[in-house]
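Asks: Residues per chain, in single letters:
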Amino acid sequence: MKLVTAIIKPFKLEDVKESLRGVGVQGMTVTEVRGFGRQRGHTEVYRGAEYQVDFVPKVKIEVVCDDMEVQGVVDSIMKSARTGKIGDGKIIVSDAEQVFRIRTGEAGRDAL
Amino acid sequence: MPEVSGADTAWILTSSALVMFMTPGLALFYGGLVRSKNVLATIMQSFFALGLVSVIWMVLGYSLGFGPDHGKLIGDLSFFGLKDVGAEPGPFAATIPHSAYMIFQMMFAVITPALITGAFAERMRFRGYVLFMALWSIVVYSPLAHWVWGGGWLGLGDGNVQALDFAGGTVVHINAGVAALACILYMGKRKGYGKQAMHPHNIPMVITGAAILWFGWFGFNAGSALSSGGLASAAFVNTHLGAAAALLGWIIFEWARNKVPTTVGAATGAVAGLVAITPAAGFVEPWAAVVIGFAAGAICYAAVSLKPKIGYDDSLDVVGVHMVGGIVGALLTGVFATATISGLDPSLDGLAYGNGVTQLGRQALAVIVTLAFSFVMTLIICWIVDKTVGLRVDEDAELEGLDLSQHSEAGYTFVEVGTLTSAGHAASMGSTMTPGKTEETVR
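Those sequence lines, one after another, are chains B and P.
Residues 1056 to 1167 in the working numbering are what the first sequence spells out, letter by letter.
Residues 17 to 459 in the working numbering are what the second sequence spells out, letter by letter.
Chain P on its own, in the form it takes in the complex:
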């Protein structure tokens, strides 16, 4: 039986906590980018995932993703309810407890669907969001995680595609990004989009969120070494350099084209770099991380700038940052991957290391499979949610804002106005109450 390493376990548990912190970071990042009447609803769409997806993952999601393989397509129910997931190492990391590996993966499962919420921000019905997240986690995230990391057909291993994805370029970012595209094509634009101003209401909150994401991403990428030591350190260094170079790349192009360097641009550029370096973090040399980051900053800036011309309403640019950035990173991994960093077989080296386009082709195939699978499945889920509990809020609720219409709360109070109702008194005295309904629509 392999021996559990204290150092490895300490790093993976620390990394799990770092990745957990990314979801509230994302909540602030997205929350600051929306209009003030939707700040709470937007934060809730990330924060709630910590509750919902964690429990789904514990019951079913982990087993489907990482349980014993069936036909290279899906895990079975051996780990249902975390049965046999304990102190002994599991099948995917020999030196840490299975439970540590599971909780690390859980944090990825939580943040991935939360990333999608930026696309349909400011118009999604809360109960529709809940059903969407639950279905998407089970039928899109778990299978794709299995294909790439859980012994399925896209990942490493004999007879597989042998695509490289260190920490989630396909599974997390391309997956969430293309799902975002499917959602917005299905749901349509926000009311008034293209006519009324819809700019960020709290940019300091955006920067705070981006900083938390950057911080948490060290756990996301360096933790994906599944050990502490040289590989984790390489991934850590590359993660930072990818973000740094992308921040510069975005600002250089923005400054040249829009004549002004913006703080939202700096934050978005850094996130684009973190996205792009994710699949490559443990496979490339530091100079290549700089190239990947810079390319991601420039290309994602171009993608986001093209959005108004294409005409779809991706509220917070999930497609332009996560899908495009994820594709840049996944493909460039096939260019810059090297055995000297990864410790893997040299047959997995990239174009720049004399392996021709072999690995680049494998990366491209994984990208195409991810795009197609996630897009189609997400459209089906949107249709199911739409026909059952409803996807989109009605026009009045959208104009009023989702904070009041979906949650009966206001993000910012002007002066403390309002009277405690009798129902409210009853509740505060400890007896039961029926939640109040808005008497009449207000905006």
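Pulled out of the complex, with its shape left as it was, chain B reads as follows:
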């Protein structure tokens, strides 16, 4: 079982969702986040005082999938979230020890 976490550009969310559905992903969790990588932030000006803001709005997607499906999920996100410009984001794959479905108590693959 793997947890795939992707940080993407907010306006790419619909594309990524559709792409993941296309490879059989049944569900996902999204969060609005801020962060920075190589992409520079922007300046904001309030009554003449200028601020450098490095944290840029992003969307974080979390998908749990079977080990066999990881490559397909990663490829799907990679393809659908890419603009080719700086700031396209990251994909992190980590081990997920166990998954349960609360309603039925099912575990593992059956809970996905």
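Since the hints were made in silico from the structure, they are not lab data.
Please note that the accuracy of each hint is not assured.
[Claimed, not checked] Cβ pair distances, simulated, as ranges:
#, chain 1, residue 1, chain 2, residue 2, range
1, B, Arg1156, P, Arg143, 53 to 63 Å
2, P, Thr435, B, Val1085, 23 to 33 Å
3, B, Arg1164, P, Leu201, 51 to 61 Å
Think of the CB as a built atom: it goes at the ideal place given N, C-alpha and C, for glycine as much as any other residue.
Place chain P on chain B using the hints.
Replies: Only chain P this time, still in chain B's reference frame:
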């Protein structure tokens, strides 16, 4: 010399303040309807008009609209810079100071182009917007105001079309609505329109804005009596009933068709009713105001529902509400106008009062003239702005949002992040600074 009435003056100055408040109300109404990354830019496109159009109106606009007539087409420059616009009554209202009449009209001049901004919301370049507003105010609004109210060929008077427009069905709403249509046809759709979700980001703000518009509209319509008394009261009552009936009309049809009554629908319906009752407010009986409002709620709901099928991107439904609602109101004025309310000559009565289609025909002609004139002139202005300072933001700026790309501000902060730059320090210490540029595009 006619005598200035204290009561009339008090009501017109109060009404002017009420109409002024409609523009920030509109800013909230529109601001809540857009996505959160464009909230400030959208608010700014209304709020800035209070600065820009007010000064243009003071210098030139009022004189072109309401100065001594030339060929029934345009006013001259007699009132340039408000020369001779003072305590004595002017040519259009015998019992109030000329300055009171001028400031009342100024508030109409401000809100009318601000109405258009809902159509091109989320994609207009700020400097393009500024030039657009200035040109449109001078070459579209002032002439049309002159034609209908300033002694020109469409309004009342011997040899004129004799169209009735109590408070701005043609001059304000059809004018702004069809200009909105011209803008969006010229500019094209927002990026991702029809594919990505573009729903309102703050509906309580939309309702607050609609409530302020409703409140201000009492000044807009009842103030257009240009006096306090029976006519102003009739217009006040009709304004409220028009909004109320349209709110019901919209919700009934929405509930039946979409299976759900929405708050945005209630707010939009009320605004549609206020639009439709505007030309009729001082001419019709209360029952007719209810009919006009209900019709506007239903028809504007249908018009807005048809938008996806027609396929143009009118971001905030300026066409469906203001153009369509304005046409409904202007035409129904030709059905329900009656001398018993207006105090005008019975030859101006509508279809329902035994005057046949005479007045309805005059209303239709005024509608067609307004549609054609404003549409063509607005297209020309769009072209000029496009070829000079640019109309539309580039793709990166549109994706990033207009708040950051056009104004370097964020409407909502997540946590207070950011470092005061050295330039920022210099500014806060009182020395001059150069405005910072975004280093690299971000979204």
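Asks: Please name the hints from earlier in the document that this structure breaks, with their numbers sorted from lowest to highest.
Replies: No hint contradicted; all consistent.
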